[in-house]
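K.L.:
Each chain, letter by letter, is given below.
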Amino acid sequence: MITGILFFDVMAVLVISTSIGMLVSRNAVYSALFLVLNFASVAVLYVTLGAPFIAMAQVTVYAGAIMILFLFVIMLLGAERLEGESTIRGQRLFGGLLAVILLGELTWMAVFQSGLSPAALTMPASDFAGPTQIGLTLFNTYLLPFEVTSFILLVAIIGAIILTKTDNIGKRIIRPGKD
Amino acid sequence: MLNDYLPIIILLVLATVLGFLVLIIGALFGPRRPTQRKAAPYESGMIPYGPGTRRISVRYYLVAVLFILFDIETVFFLPWAVVFRQLGWFALIEMLVFIGILLIGFVYVWKKGALEWE
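So the sequence lines, in the order shown, correspond to chains W and F. If you count the first sequence from 1, position 145 lands on 145 in this note's numbering, and the numbers rise without skipping. The number in this note's numbering is simply the position in the second sequence, starting from 1, with 1000 added.
One or more hints might be untrue.
[As the list claims (entries may be wrong)] Label pairs and their in silico Cβ distance ranges:
no., chain 1, residue 1, chain 2, residue 2, range
1, W, Val29, F, Arg1085, 20 to 26 Å
2, W, Gly21, F, Gly1100, 42 to 48 Å
3, W, Ser17, F, Tyr1005, 18 to 24 Å
4, F, Gly1026, W, Ile16, 30 to 36 Å
5, W, Leu106, F, Leu1018, 45 to 51 Å
6, F, Phe1084, W, Arg92, 20 to 26 Å
7, F, Tyr1108, W, Val29, 31 to 37 Å
8, F, Ile1010, W, Gly21, 46 to 52 Å
[Unchecked claim] One-sided excerpt, in silico: chain F residues whose CB lies under 10 Å from chain W:
no., residue
9, Ile1025
10, Phe1029
11, Glu1073
12, Tyr1108
13, Trp1117
Please keep in mind that the hints were generated in silico from the structure rather than gathered at the bench. Ideal Cβ placement from N, Cα and C applies to all residues, glycine included.
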């Protein structure tokens, strides 16, 4: 119990410090690498919550594939370095204010609404959200959302093609006799 | 519960230690006599010219996006495969519908020539 809480504390510090590191870094590539660390430590939190499948998906899909895409965009655009201080006026003040409000809300929820009962701190069973549980829930209760997911992926595929396949259309206009 | 993950933690620690060890050994014992030629950015042995960043085709991005989309598709296979014997035919048909819809996308990608690299 105590080791569990201690472990959670260490992971929480890691999660928060990597997210701050991501925000503070002046080099976008460093930010992306901090985000990888953040995803990895959140994956560890998922494991402690008894959701190993979500943790693995977090590592392979988020820390793997999506981070590749982020680095791609950063490097393709050559946006590694932030250009000085070009913020909107009062942006920092407004952001800080919103952060304080959010923190207050969360504290209020945690302390006054839930009462921080010890039952909230007990860890769920290790197969609480294992692949078996997820599979059974996905194919029984959430069948329609699952099928809708495939349509969303289809729309994304078509969107990606339409957004990026402009160069071929241009070529066809320039050289009509080459077909 | 977390004891099951002990090998992964050992692997992580070993990998981190090894990484730092290589850096430390290199810093301690490696000679450092930089010349202008050695410090120049390496470009296949040719003399570098022009800026390091140039415009890159948007196709790389398309490939990355398509990879992620089909990656997410495969993520759904694992929970299905785990409970396949429990759910049987119904889940198989559901999965075939799922794959069928994405197969339309795959055929579209193929027909559009997005998988070809001229």
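K.L.:
Looking back at the hints listed earlier, which ones does the structure fail to meet?
P.N.:
1, 5, 6, 8, 9, 10 and 13
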